[in-house]
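> Just so you know, the sequences run in chain order A and B. Each residue of the first sequence is one higher than the last, beginning at 1 in the working numbering. Each residue of the second sequence is one higher than the last, beginning at 180 in the working numbering.
Hints are computed from structural coordinates only; laboratory data are not their basis. All C-beta atoms in this analysis are idealised placements derived from N, C-alpha and C, irrespective of residue type, glycine included. Treat the hints loosely; a few may be bogus.
[To be verified] Partner residues are not named here, just some residues of chain B that face chain A (Cβ under 7 Å, in silico):
{"#": "1", "residue": "Y217"}
{"#": "2", "residue": "G218"}
{"#": "3", "residue": "R223"}
{"#": "4", "residue": "E226"}
{"#": "5", "residue": "N246"}
{"#": "6", "residue": "A248"}
{"#": "7", "residue": "V249"}
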Amino acid sequence: MVTHAPAAPILLYNGECAVCTRIAAWVRASAHGTPVIDLRPIGDDPAALARLNPHLDIWDAYEIVHLVMPDGSMKTGGAAVVEVLRTLPNTRWSRGLFALHVGAIRPAAWIVDAGYTTLAEIRPLLGCASCGSTNAVVRSVHGTLERLASTWRNDRRALAPYFHSASPRRPRADNNAHS
Amino acid sequence: MADRPPAVGAEIETVGAASFETRVLEARGPIAVEFMSYGCSHCRALEPVLREVAARLDGRERIARVNVAVDADLAATYGIRVTPTFVMFRDGGEVGRSEGPHPQVASLTTILTRPFVSGDGAAW
Numbered sequence: 001m002v003t004h005a006p007a008a009p010i011l012l013y014n015g016e017c018a019v020c021t022r023i024a025a026w027v028r029a030s031a032h033g034t035p036v037i038d039l040r041p042i043g044d045d046p047a048a049l050a051r052l053n054p055h056l057d058i059w060d061a062y063e064i065v066h067l068v069m070p071d072g073s074m075k076t077g078g079a080a081v082v083e084v085l086r087t088l089p090n091t092r093w094s095r096g097l098f099a100l101h102v103g104a105i106r107p108a109a110w111i112v113d114a115g116y117t118t119l120a121e122i123r124p125l126l127g128c129a130s131c132g133s134t135n136a137v138v139r140s141v142h143g144t145l146e147r148l149a150s151t152w153r154n155d156r157r158a159l160a161p162y163f164h165s166a167s168p169r170r171p172r173a174d175n176n177a178h179s
Numbered sequence: 180m181a182d183r184p185p186a187v188g189a190e191i192e193t194v195g196a197a198s199f200e201t202r203v204l205e206a207r208g209p210i211a212v213e214f215m216s217y218g219c220s221h222c223r224a225l226e227p228v229l230r231e232v233a234a235r236l237d238g239r240e241r242i243a244r245v246n247v248a249v250d251a252d253l254a255a256t257y258g259i260r261v262t263p264t265f266v267m268f269r270d271g272g273e274v275g276r277s278e279g280p281h282p283q284v285a286s287l288t289t290i291l292t293r294p295f296v297s298g299d300g301a302a303w
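Excised from the complex, chain B in its bound form:
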């Protein structure tokens, strides 16, 4: 089994049922929420990629995670069928989502930022 590369990049904030409203729905600016599970192999493979993407975004877009094994009700509320699923929020509303693994930094960056790109191509 190959060793997982050392964790680099930004830490991902974990939000749960108690903090989801304030940290996601009432927050200003674009937020991507990863619905994941620590026992999910795809989530595990994605983690270093996600951290690197978070570092590249450098706060222009926040990234948070919801552990579906702990917050199953929250996952049900958002109709999460597979992990990882990314749901993009702005001003309390869902503006996009993406299911499944995206193991490349470039493709994951595109997926997480696309919903926030305006008609003239400018992000955020």
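Isolated chain A (complex conformation):
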């Protein structure tokens, strides 16, 4: 199998995921036309991915974001996001932040990793039909929030005559009842 070293890091994204394609569009726009990141949808050909990197498994690629580096290494998850932010022209300033160490911890990288992990978990709730389902805790929290939002909307509709009119007025009484 022949693998060709890419000139720029290749960011693989799920082309069927609305969240992922939106983020990919942001990365493309942030690159300002410069070839600093090569964006490619994961696609459906395991062999094509293996040509990029023999250790790249298509199932893994759909599970977690992968960045194939020109030196043949791969970064995944939060580490891939950090590398993208370090590379893009308009977020290159973050390099200093990501280089900061507090003991053995890099706080900025840790925060990005936690952010990515959270986003990856809730992607199905944000319109990704191909990203599976969230775990039970997230589903439970999401359900509770939806119920609260629904209750709030209903309450607001009921109270609208009192709070949303330019000249507050009470609900109209049925005057005909006494005529």
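Since chain A is already given, all that's left is putting chain B on it; use the hints.
Just chain B, lined up with the frame of chain A:
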């Protein structure tokens, strides 16, 4: 997001429009064909289970896959509406099918072998 468990078990052969006739329809013995897509989350969750089932079957029944994103015509020919869908073949004819996810090894094994179980309960 939980990491996918390491792939264990047998590899699943991928067949496409060009090889479907020889690898499935003209093949001898029972074959289960998974119509799937790599972007399908249910297929992704099922993959390690399917590999384990393939290893347990140990060649008594072959398992193959068709990527519906690549071979849409083949999927249309077999009326595939959802992924994953398993279609069981014997001697070139369909003998059973099952739609949707089956995340347990035992239940998937049952589903894939049931069409080939004879009246006396003996498989294959």
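> Please go over all the hints and tell whether each is borne out by the structure.
Right, here's what the structure says about each hint:
1. Y217: Holds, about 5 Å.
2. G218: holds, 4 Å
3. R223: holds, 6 Å
4. E226: holds, 6 Å
5. N246: holds, 5 Å
6. A248: holds, 4 Å
7. V249: holds, 5 Å
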